[in-house]
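Chemist: Now for the letters of each chain:
2 protein chains.
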Amino acid sequence: MIYDKAKLLSEVARRRGFFWSSFEIYGGMSGFLDLGPLGVGLKRLITDSWRSLFLHPHGFVEVSTPIITPYKLLEASGHVENFKDPITECTQCHRRFRADHLVKEQTGTETEGLSLEQLGELMRSKGVKCPECGGVLGAPQYFMTMFKTSVGPFGEDPAYGRPEAAQGIFVNFRRISEVMRERFPLGVAQVGTVLRNEISPRQGPIRLREFTIMDFELFFNPEEPECPFLSEAQEEILSIVTAKTREQGKEEVTKVRVSQAIREEVISTPWMAYFMSLSKQFLASLGISEAHQRFFEKLPSERAHYSAQTFDHEIQLDRYGWVEVAGFAYRSDYDLRRHMEATGTDMRIFHQFDKPVERTVVVVKPRPDKIRGAFGGNTGKILALLASRDLPSLIHSAQKSKMVKIEQYEVPLDFFDVHSDKVKEAGSRFIPHVVEPSFGVERLVYAALEYGLQMKEDRLILSLPFRLAPVQVSVLPLVNRDELQERATAIFTMLLRHGFRAEYDEAGSIGRRYARADEAGVPIGVTVDYDTLKDGSVTLRDRDSWAQVRAPVDSLAATIGKIVSEGFPKSRSSTLYSG
Amino acid sequence: MIYDKAKLLSEVARRRGFFWSSFEIYGGMSGFLDLGPLGVGLKRLITDSWRSLFLHPHGFVEVSTPIITPYKLLEASGHVENFKDPITECTQCHRRFRADHLVKEQTGTETEGLSLEQLGELMRSKGVKCPECGGVLGAPQYFMTMFKTSVGPFGEDPAYGRPEAAQGIFVNFRRISEVMRERFPLGVAQVGTVLRNEISPRQGPIRLREFTIMDFELFFNPEEPECPFLSEAQEEILSIVTAKTREQGKEEVTKVRVSQAIREEVISTPWMAYFMSLSKQFLASLGISEAHQRFFEKLPSERAHYSAQTFDHEIQLDRYGWVEVAGFAYRSDYDLRRHMEATGTDMRIFHQFDKPVERTVVVVKPRPDKIRGAFGGNTGKILALLASRDLPSLIHSAQKSKMVKIEQYEVPLDFFDVHSDKVKEAGSRFIPHVVEPSFGVERLVYAALEYGLQMKEDRLILSLPFRLAPVQVSVLPLVNRDELQERATAIFTMLLRHGFRAEYDEAGSIGRRYARADEAGVPIGVTVDYDTLKDGSVTLRDRDSWAQVRAPVDSLAATIGKIVSEGFPKSRSSTLYSG
Numbered sequence: 001m002i003y004d005k006a007k008l009l010s011e012v013a014r015r016r017g018f019f020w021s022s023f024e025i026y027g028g029m030s031g032f033l034d035l036g037p038l039g040v041g042l043k044r045l046i047t048d049s050w051r052s053l054f055l056h057p058h059g060f061v062e063v064s065t066p067i068i069t070p071y072k073l074l075e076a077s078g079h080v081e082n083f084k085d086p087i088t089e090c091t092q093c094h095r096r097f098r099a100d101h102l103v104k105e106q107t108g109t110e111t112e113g114l115s116l117e118q119l120g121e122l123m124r125s126k127g128v129k130c131p132e133c134g135g136v137l138g139a140p141q142y143f144m145t146m147f148k149t150s151v152g153p154f155g156e157d158p159a160y161g162r163p164e165a166a167q168g169i170f171v172n173f174r175r176i177s178e179v180m181r182e183r184f185p186l187g188v189a190q191v192g193t194v195l196r197n198e199i200s201p202r203q204g205p206i207r208l209r210e211f212t213i214m215d216f217e218l219f220f221n222p223e224e225p226e227c228p229f230l231s232e233a234q235e236e237i238l239s240i241v242t243a244k245t246r247e248q249g250k251e252e253v254t255k256v257r258v259s260q261a262i263r264e265e266v267i268s269t270p271w272m273a274y275f276m277s278l279s280k281q282f283l284a285s286l287g288i289s290e291a292h293q294r295f296f297e298k299l300p301s302e303r304a305h306y307s308a309q310t311f312d313h314e315i316q317l318d319r320y321g322w323v324e325v326a327g328f329a330y331r332s333d334y335d336l337r338r339h340m341e342a343t344g345t346d347m348r349i350f351h352q353f354d355k356p357v358e359r360t361v362v363v364v365k366p367r368p369d370k371i372r373g374a375f376g377g378n379t380g381k382i383l384a385l386l387a388s389r390d391l392p393s394l395i396h397s398a399q400k401s402k403m404v405k406i407e408q409y410e411v412p413l414d415f416f417d418v419h420s421d422k423v424k425e426a427g428s429r430f431i432p433h434v435v436e437p438s439f440g441v442e443r444l445v446y447a448a449l450e451y452g453l454q455m456k457e458d459r460l461i462l463s464l465p466f467r468l469a470p471v472q473v474s475v476l477p478l479v480n481r482d483e484l485q486e487r488a489t490a491i492f493t494m495l496l497r498h499g500f501r502a503e504y505d506e507a508g509s510i511g512r513r514y515a516r517a518d519e520a521g522v523p524i525g526v527t528v529d530y531d532t533l534k535d536g537s538v539t540l541r542d543r544d545s546w547a548q549v550r551a552p553v554d555s556l557a558a559t560i561g562k563i564v565s566e567g568f569p570k571s572r573s574s575t576l577y578s579g
Numbered sequence: 001m002i003y004d005k006a007k008l009l010s011e012v013a014r015r016r017g018f019f020w021s022s023f024e025i026y027g028g029m030s031g032f033l034d035l036g037p038l039g040v041g042l043k044r045l046i047t048d049s050w051r052s053l054f055l056h057p058h059g060f061v062e063v064s065t066p067i068i069t070p071y072k073l074l075e076a077s078g079h080v081e082n083f084k085d086p087i088t089e090c091t092q093c094h095r096r097f098r099a100d101h102l103v104k105e106q107t108g109t110e111t112e113g114l115s116l117e118q119l120g121e122l123m124r125s126k127g128v129k130c131p132e133c134g135g136v137l138g139a140p141q142y143f144m145t146m147f148k149t150s151v152g153p154f155g156e157d158p159a160y161g162r163p164e165a166a167q168g169i170f171v172n173f174r175r176i177s178e179v180m181r182e183r184f185p186l187g188v189a190q191v192g193t194v195l196r197n198e199i200s201p202r203q204g205p206i207r208l209r210e211f212t213i214m215d216f217e218l219f220f221n222p223e224e225p226e227c228p229f230l231s232e233a234q235e236e237i238l239s240i241v242t243a244k245t246r247e248q249g250k251e252e253v254t255k256v257r258v259s260q261a262i263r264e265e266v267i268s269t270p271w272m273a274y275f276m277s278l279s280k281q282f283l284a285s286l287g288i289s290e291a292h293q294r295f296f297e298k299l300p301s302e303r304a305h306y307s308a309q310t311f312d313h314e315i316q317l318d319r320y321g322w323v324e325v326a327g328f329a330y331r332s333d334y335d336l337r338r339h340m341e342a343t344g345t346d347m348r349i350f351h352q353f354d355k356p357v358e359r360t361v362v363v364v365k366p367r368p369d370k371i372r373g374a375f376g377g378n379t380g381k382i383l384a385l386l387a388s389r390d391l392p393s394l395i396h397s398a399q400k401s402k403m404v405k406i407e408q409y410e411v412p413l414d415f416f417d418v419h420s421d422k423v424k425e426a427g428s429r430f431i432p433h434v435v436e437p438s439f440g441v442e443r444l445v446y447a448a449l450e451y452g453l454q455m456k457e458d459r460l461i462l463s464l465p466f467r468l469a470p471v472q473v474s475v476l477p478l479v480n481r482d483e484l485q486e487r488a489t490a491i492f493t494m495l496l497r498h499g500f501r502a503e504y505d506e507a508g509s510i511g512r513r514y515a516r517a518d519e520a521g522v523p524i525g526v527t528v529d530y531d532t533l534k535d536g537s538v539t540l541r542d543r544d545s546w547a548q549v550r551a552p553v554d555s556l557a558a559t560i561g562k563i564v565s566e567g568f569p570k571s572r573s574s575t576l577y578s579g
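Those sequence lines, one after another, are chains Z and L. FYI, this note's numbering numbers position 52 of the first sequence as 52, with every residue one higher than the one before it. FYI, this note's numbering numbers position 314 of the second sequence as 314, with every residue one higher than the one before it.
Which copy is meant is left open, so a pair is good if it fits within one copy or across any two.
Mimicking DSBU-like on lysine-lysine, the simulated pairs with C-alpha atoms at most 30 Å apart in a straight line are:
no. : residue 1 : residue 2
1   : K104      : K5
2   : K244      : K84
3   : K72       : K148
4   : K255      : K298
5   : K72       : K84
6   : K5        : K250
7   : K129      : K7
8   : K126      : K244
9   : K84       : K148
10  : K104      : K84
11  : K422      : K405
No lab work stands behind these hints: they were computed from the structure. This one's a predicted model, so the numbers in the text were calculated from it and none came from an experiment.
Isolated chain Z (complex conformation):
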């Protein structure tokens, strides 16, 4: 790459209104990003495209829950204890940094999952220094990275900004499951803002303190882990850096077919494999080719507190190298179980057997008459104690001594009636397991832009696919005369009515407007000139090749449709091109 894409991109993004740093006129605050008109458009198209791939065809649903979240909920979910990062302060300039990031940047060592002591030792032994002033860094310590606030007039309810949207789904699982008539497996998504009080983020749009997440929880029965959609994906080939490879100190990619990955337990559950293949497709649809994608498995020490297996979906970015844009976590029943324990809400799902199953159960009953004979006035107390225990196991472990010990009492085995019973069970209850694909939307916006950025004859072109272009057609009067402006405005309105994302632009020379539209990623320009008034034809211009054709206004919408499906006609034809 002979030009600095990240720098070019940030300039174009600012100039054309995709994104820029927040609060610029107040001196800025790092980790916050504004989206301009085109950024808002692109972001919405990306989230909608994700919905149409992950949700709609499967009948999966979406919910929306608050950002502000009570302390006790995030305590139960383990975030209060685990959502923290190691921080180090320079003893000289007193700036603060992520200790693990500095170690990784300055020594190349993977640092996720290291303890404070290990990090501190690495910093000393490898001579990690302050990146700002070269000063000696202090010992690392933990810092909780949730934003704290409180609710109510006197701060009576401590709360945090949610660091993930997933918890809003877990705590509502009971209700959502009822609304969905206990349909199972059940997929529930949430697209929304999350807040993470990152320590001195220094990577522009890549590391944000406030961003949009697309969290998606797939609930399934661990006894029936099959994914019914897998047949469509099993031939897909995934590029994985496995934990095994990484444990050997290597970062090589293993190419593995989805079916094989499941068979050989490279991926622990079929739903996860299915979503990984969807994700690969999704990123490809944003313009990120396969060669620049990989799945990077986390080592057990690196995984989040709730996860039994994690893959990061990474892509290559020009300045930042391999960057995570999605995470795939096998959260097992961790979250539902924690919320069940904290609140007593039954989160289990009833699973009806195909036909009732007969089971043999051991039934144990204490004999009050015999107990009273031996223990007299203590009988009531002993019976109460026995009632609170699992009698079959008590009896089972008393086979040797022939005595059931309960507190200070020893009750002989023959004071109990023990017999087997056959019972019919219609089904059983289980806590669902969860596979979670989770995407960071701003990183996807950034990636789609970087992969669309091209140079052509010293000029920048943003080659977004037609489907993703925030503005698809720019309508341009050749010069600013009333009759051309009126005609162009009418064409603009007509295109809007046909459902195209159109804009009308009359500011500046036609050459400058073409150049601007190229940078804004507008695939097609429609120029209205004096011939338009005479013969009802306009010029269509292709963003990527700069080729031009004339086409009649009457069938303009159809012509654009044809160009989208067949591509722009190669050369300028003397006859009219028409859909």
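Knowing the structure of chain Z, use the given hints to seat chain L on it.
Modeler: Below, chain L alone, put in the same frame as chain Z:
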């Protein structure tokens, strides 16, 4: 109304998955709302419908900025000083309430804009008591209703959750205006989360601490206040409770044509009148008829600190009475001016005159020679003092005394050279004025649901318009047999491909599924039975009339399209109905 719509609605909303209170399993936290799958869908359709009415046809744009906002920005905007509510604490049970709400509820007196003293006096004189225990209430005091947090590892940057999305637009005005090539007037919107730490909110979905706002700022030149779109709206009739009427202690509605409202200055600026007429149309499209809408003008004492004229767009709700769903504020140049003053950023727009304008300016120059002759060593000081003043006005006001007084010095008029000069000016710079329509989205969701709720033979029907229905078509196999399920799934997929919001439902008897679809607001049911396998026809069922017709699967999409535009055919026909 013989049934309690608010209660019925909250039950249906919960049962069908529109909305419910947040954090239920953790005991709840008032002022927070979850949206279920249908609620998320309805909310998105409402916001999109707003965009297609307010933004797209005018070429107006949308941006997105952070929720977390630095202290200094909200200090400059006046929120730190003004965003507060009067609170009172019960001396007996120590619960806390909005003092103004209690006074209004218990005495019927309008309270907006009253001082703490006036509120306290009303509470005493009218005997306002604690609504929970009847105890005596303490003196009201102010409480700041923004959520406080801080950014960075040691809380170095104090910040608040934004109480409105508008500020993100104002602080970016310079940049957005550049991106939009200084096009003017300029409309910029933001749809996003806002946070308000309301004191003990007790009105369910109507008063939320976290909600979605659609803020829209229209920037215009105060010298050219005309709205070019007004011609489409000037015949519209608005129902307004004017400030004048209210000052006479009445609440009567005045019906006034938009053109007349502008002419007679009932509405202070044409853009505001235009947006009010759009808003009326918008609410009507959500099913809220004109008779249940009114514009309620705020008295000067009731207006927000930034507003020169405010109308609330109110609608009638069953339990809550007249409720504001939108506010129209004429923010003048208040916000841009405050941010200019706080940051020194030039927010002015250059307005080019049609042709350069020649102006006569008075040029005044002190004559150092004469001043030195009279004032000697003080000459330098006097010249410096004069340089810092507006000399033409000084000279003008000295015409009588013939002396220019500056501090202790008196300088004779003839110590100045005064002459007129002609200068050509190509244009002038001005700070744009702002008209803001602002909608609360959750209230619109609630209102659309309440206005759609109907009873039919003891059963609930949610008569949402087809355009607003989160699910438009429900595909139902008559019974759960493989061949029917397969056919129904294929029809479901086909409808999705045609762009309908479809669902597939096989849970329970067909009667129960119809009832459920009626409550969920699904306009059309498509039932697949054994005849479908034989002759390729399905039953279409109308939610509102429960009428049914048979129609061929082959042209199903077209048939549904026809029903949407022409209505459901009146009676069951023996022949196939087809688009």
